[in-house]
Each structure stands twice: as C-alpha cells, then as structure tokens.
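Visitor: Start from the sequences, fold in the hints, and give me the full structure.
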Amino acid sequence: MSMLRNLMSTKVRSNAGCWTCRLRRKKCDEKRPVCDGCGSLGIACHFEDEKPDWMDGGPRQKEMADKIKAQVKKQASQRRDRKYMDLLATGTRNVSLTQSDGELGTRYRVEGSTTTATTAAVHGNGEDVVDSHRQNPPRPQGSSAKPHNASSLTPPSSQTSGGSPPQVTWTNRLFSHQGAQDDGGPDVDVHFIMIYLDYVFPYLFPFYRPPILSGGRGWVLDILQRNKSVYYTAISLASYFFGVVMANGDAVHAECTSRMADKLQEQLQLGLRELQKEMAAMNARKTKAALHEQLIAMQAIVQMVVFEVATGNGDNWKMHLDAAIALFFQILPEPDRWADTLHGLYSYLWPPPSMGVRRPWSTNQAALRFFTASLINMDIMSSIALERAPRLRHYQASIIPACYSRECREHAQTAGPLFMDEFVGLHNWIMHVVADVATLDAWKKEQHQAGTVCVDELVSRGQVLADALLSSLSSLDAEAEAAPRQTFHAMMALVVQDPLPEMCDVVPSEVKDFSPLMALHHKIWLHGVLLYLYTVVFGWKPEQEDIKHHTRLITCALADMPRGSCLRGMVFPFCVAGCLAPAEDEDRYRQMVQRLGPLQVLGTVKEASEIQEKVWSCRGHLDETFDVAKCLRILGHRSLLI
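Under full-length UniProt numbering, the sequence shown has 108 at position 108, and the numbering climbs by one with no breaks.
Be a bit skeptical, because a hint or two may be false.
Using 30 Å as the maximum straight-line C-alpha spacing, the simulated DSBU-like pairs for lysine-lysine come out as follows [as the list claims (entries may be wrong)]:
(1) K67 x K630
(2) K31 x K73
(3) K630 x K541
Here are the in silico distance ranges between beta carbons for each label pair [as the list claims (entries may be wrong)]:
(4) F538 x S471: 17 to 27 Å
(5) C403 x A450: 30 to 40 Å
(6) Y348 x A468: 37 to 47 Å
(7) C403 x E584: 35 to 45 Å
(8) R60 x H549: 41 to 51 Å
(9) A450 x G216: 44 to 54 Å
(10) R209 x H394: 25 to 35 Å
(11) A281 x E50: 57 to 67 Å
Note that these hints are calculated values from the structure, not bench results. Just so it is clear, CB atoms sit at the ideal spot from N, CA and C, and this is done for glycine as well.
Guide: Have a look at this one:
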C-alpha cells in the first residue's frame, strides 16, 4: 500500500544483510534463505556471499532498484487487501445484511472464506461488485502483523446516543487512565483525535462547516466517543495524516513516521474488529435491530469507505458502500419517511427542550444528516465508475429536493431536507444532474449491449441536460465576476464559508457575501459535468470545439486557484478536464497537484493525477468508445473520486 510505503521509506540499512535489503537501504534480520523483510514483501531475497553483478554502483544497480521497487509497489496493495479482508471475514462468518427494494438487492456477507458484496443493477442485471477475498487468498499462518494489546488503547464506550447518553463524563470516556503514557501524560490517542478534528476532518470534508445555531461539529466528537469503529478509523487517518506531514520526504523523521505507520495499521485492525462485533451482534438478534444500532453500523461502514478512498482508493470501497446502502435501506425503507425518521432521533439531553423548536441537531440527528449526505454523494459519484444508475436515486426527491422554497431552507431543522452545498459544496440540483448523466450513460450502454441503441433518443436526452447546464452557467457568470479579484482570492483561501464571517480576520471586513466564491466553484463543476455529458453523447473527442472550450475554462480556473487545497472539492472536474486536456497543458495539471505538497498522497487528488498520467500515456490510441468510466478504471480498479 502506497501510504505505508510513504511513511516507512527510510530505515537504518544493514551492512551484513541480504543484497536486496542493502539495495533498498532497509534493515535486514539476516535470516536465510529468505529474510523477513523480503518475505513479507514477496520479493526475491538475494543472500549470495559474492556481490551480485548488478551491485555495480551504476546503471545496472539503478535498473535493479527500479525493478524491485516496481515489484514492491505491485504487491503492496494486494498484501494489505489480504490482511484487510481476512480481518473483515473473521468474526462475520454467516453474517448477512440483506435488503430488497423493488429491483434493487444488496447483500454483504461472508460465506466460508469468501467475502462478497453484490448488487443487482437497476434493470435486474446482476453484477459481482467485489470478490476481493477470492482474488487475494488468505496469507499463510504466521505472516500476519504482530498481535496488539487492545487494552493499552482504551476507546470510548460503544453505547449509542439513540436515547439518553450514558451518565459518564466525556473526559472519562476519552481520556482513560489505562491509555495514559508512563510519564503520566495523556494517551497519544488524544492527540490524534485532536489532529483528526482540527485537520483531517476539515481536509476531507472542506465544505462542512455547520453554523453554531445548528450545533456545529460537536456531534463528531460525540460519535468518536460512542462508536469504537469510527474512533479507531479516525485515529488511523490522523496517524497517516500526521506521518505524511511530518515526513515530507525528510529521512530525519524516519523513526517517527515508522511509528505512525504501525499506529495506522494497529488502529485499522481494531476498527475492523469493532465493526465485525457490531454487525455480528445486530444480525444475531431475533428481532429487528433498533434504529440507533443500525445508524452506528452505517456510520462505521461509511467511515471505512472514507478511509479506503483517502488512503488508497482500491477496490474495497465498493464492498463497504454496498453494505452502507443496504443498512440505509433498513434505516429508511420508504423515502417519504425521511423527516419522521430524522426527528425520531431527538434526544432530551442535548439539545435541551427549553431551546424550543429552533434547537440544534442532536448527535444522532446530525450524524444521520451527515452520513446520509455522504452516502448520497458516494452513491452518485460511484455510479459513474460502476456504469449504473445511482441506487439511491429514488430517495433524492425526498431527501435532497432539487426545487424547494426559501422558507424550506430557512426552517430546514423543522422540515428535514438536506442541502448538499452544506456538505459537499454543490447545490442539490447539481447532484441531480450528475445522477441524471450517470443514468443516461448506463442506459446508453444497456442499449448497446441489447443492440437497440437509438442515437436520436440519446442526443435528445443529452440535449435536455446540456440546456439546463448551459443555462445555469450563464446565470452564474455575473456572480463569479461580482467581487474584486483580490477580495475573491482572500475568500477562496478559506475554501468554505465561515459560520460567523463578520468575526473572521482573514477576509476583509467589508466582505459579507461569499456567493462569488461558490459561484466559481459551481461553474467549474458544471463545466466538468458538461464534459462528462458530451463524452457520453458524442464519445471521446478531445478535439471537438465544445469539449476544448469547457476543458480550457476548467484548466485556467483551476490553475488560478490561490492554494492547492482548493482542488479537494473539485477532484472530478479536475480529473475529467485533465484527461481531455491537450499535451501542452499536462505540466499545468502536474503543478496543480504539486502545490498540495506532502498532502497530495491523502485523498483523491493523487488518484486523479495518476489517472491523467495513464490516459496521457495512451494519446493517439484512444478511440471514440473511450469514456469517463474507462478513465476511472484505467488504473486497474474503479476509482471513487469524492
């Protein structure tokens, strides 16, 4: 896995170890015939007494180093996937999450030693989404990571906040004596939790800044105290984040980053075990699991999707997404019950009834809103890569309505709808359009397979969507140009709206309206969706004038961003435009990624960059049948760009 390689790239080299470890400048335990280092990586262990011919200090040595490096890179993801799936399988055998909804069906189970998660397509065409365990057989006994003493890391209670929270102070739950350091200082996990809250969560969800009147983000800390799996996954992400920032390519921090890598692996294993326990307990019950129990499991599984995408974007996200959607169907069998379900999670402890109707969301209410918004976004964006209509599409009208009154938005806490710009920075109707284009793409491919495709109907359907997108772009032009450039850059540096902008020192005091910022963000996305639509209707034609026009606009807008982190909310249009961009713009896209510094390995910007590089390497060999979905699987797996 690239994340572990990045964190553990420098260790003390051995002077008497195998030639492979010496070449890689790694510490060797000198075991024969295969040292543990080479054995764990699955690479050739050269332990000859005589120096190999390729250890010449010149081109042959460099060639061998590159060859071994490529072998390590190729097998790293498979090694981690095997351990990951083995952990998930242990404790969940015979566990089944099954939900049927019309023509939709999802199951998330382990049968024998095979983990599967399959989803029927919208029109009944079954698709085997994940069979990672079968493709990557279990590791031999003795090859797993060293056992970890879970008692040394005492997480919060797993009791939920479905009703009244347990009468234990949050300090006792989070800062346990057992987790303290030998010198009496606080547990290192406390620091990682704060890193997660202060840096990681805002980096992964840059647009989620709920105002104080809605309760802010306090519910995130509450969830970390109550949901063990989310707790451990958060620490894993924080340790990875911290290790990446600390290392920054500097060998001085090798020991520290190595510890961070170990921390990540240990915490991830603990998180997986807690998820197994939650699933096993829920499925062992003879009666239907309570709503808050289902919510606890859904939170943990969605968090696993976030982890997978943020640290590697391999194939495991599909299995977890299937399971999360299956749980969501159980939580909300009928879309029109959304508001009732949301308000049914009211807690009498926080917020107190004395606050009246306009009270902040309780922990479970806020969690359901956030994870539902995340799930809808994941479902829509994954449908592009999976070439099928979004599975939650019939929920969108009730939960994220495209059209709503001003009063509905002003009184959202009593009405219940979600507004996706508060979660992912895009208006509800834009999410609907992305889902519509993905559905059109799936329909086109189904028609091709059946031999019944009608070009006129395809163009007609595409024209309706294109007209809506172009009309919206025209109305946004004036908004994007409304603010002076220096003021706009000051706003863009914030990435998102501050809950109390009048108290913010970064933005000039006279700036009260952030609409120009969001207008540009929406424009970049609309141009990106148009490119996606054009490739669906007309095929892969980078030289087509309309495609060149929208690609050029995206390229210029992204290159002019004041900081690299602005890409975090625009990965999909960044990826699509980059793949369609002419050769002379390749370096501009590389520079955009480099501006992220060490954090380019966290999240999906790096994934999008690797997709671009692969597509660029195929210039001149791509015909009209190539499309965005093929871009998203060009790396050997389907990429989820969220």
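Visitor: Taking the hints in turn, state whether each one holds.
Guide: Going through the hints against the structure:
1. K67 x K630: holds (28 Å)
2. K31 x K73: Distance ~23 Å between K31 and K73 Cα, so the pair holds.
3. K630 x K541: The hint holds at about 14 Å.
4. F538 x S471: 17 to 27 Å: With Cβ atoms ~20 Å apart, the hint holds.
5. C403 x A450: 30 to 40 Å: At 34 Å between Cβs, range holds.
6. Y348 x A468: 37 to 47 Å: holds (45 Å)
7. C403 x E584: 35 to 45 Å: holds (42 Å)
8. R60 x H549: 41 to 51 Å: holds (50 Å)
9. A450 x G216: 44 to 54 Å: Given range 44 to 54 Å: holds, Cβ gap about 51 Å.
10. R209 x H394: 25 to 35 Å: The hint (25 to 35 Å, Cβ to Cβ) holds, given that R209 and H394 are roughly 30 Å apart.
11. A281 x E50: 57 to 67 Å: With a Cβ separation near 59 Å, A281 and E50 satisfy 57 to 67 Å, so the hint holds.
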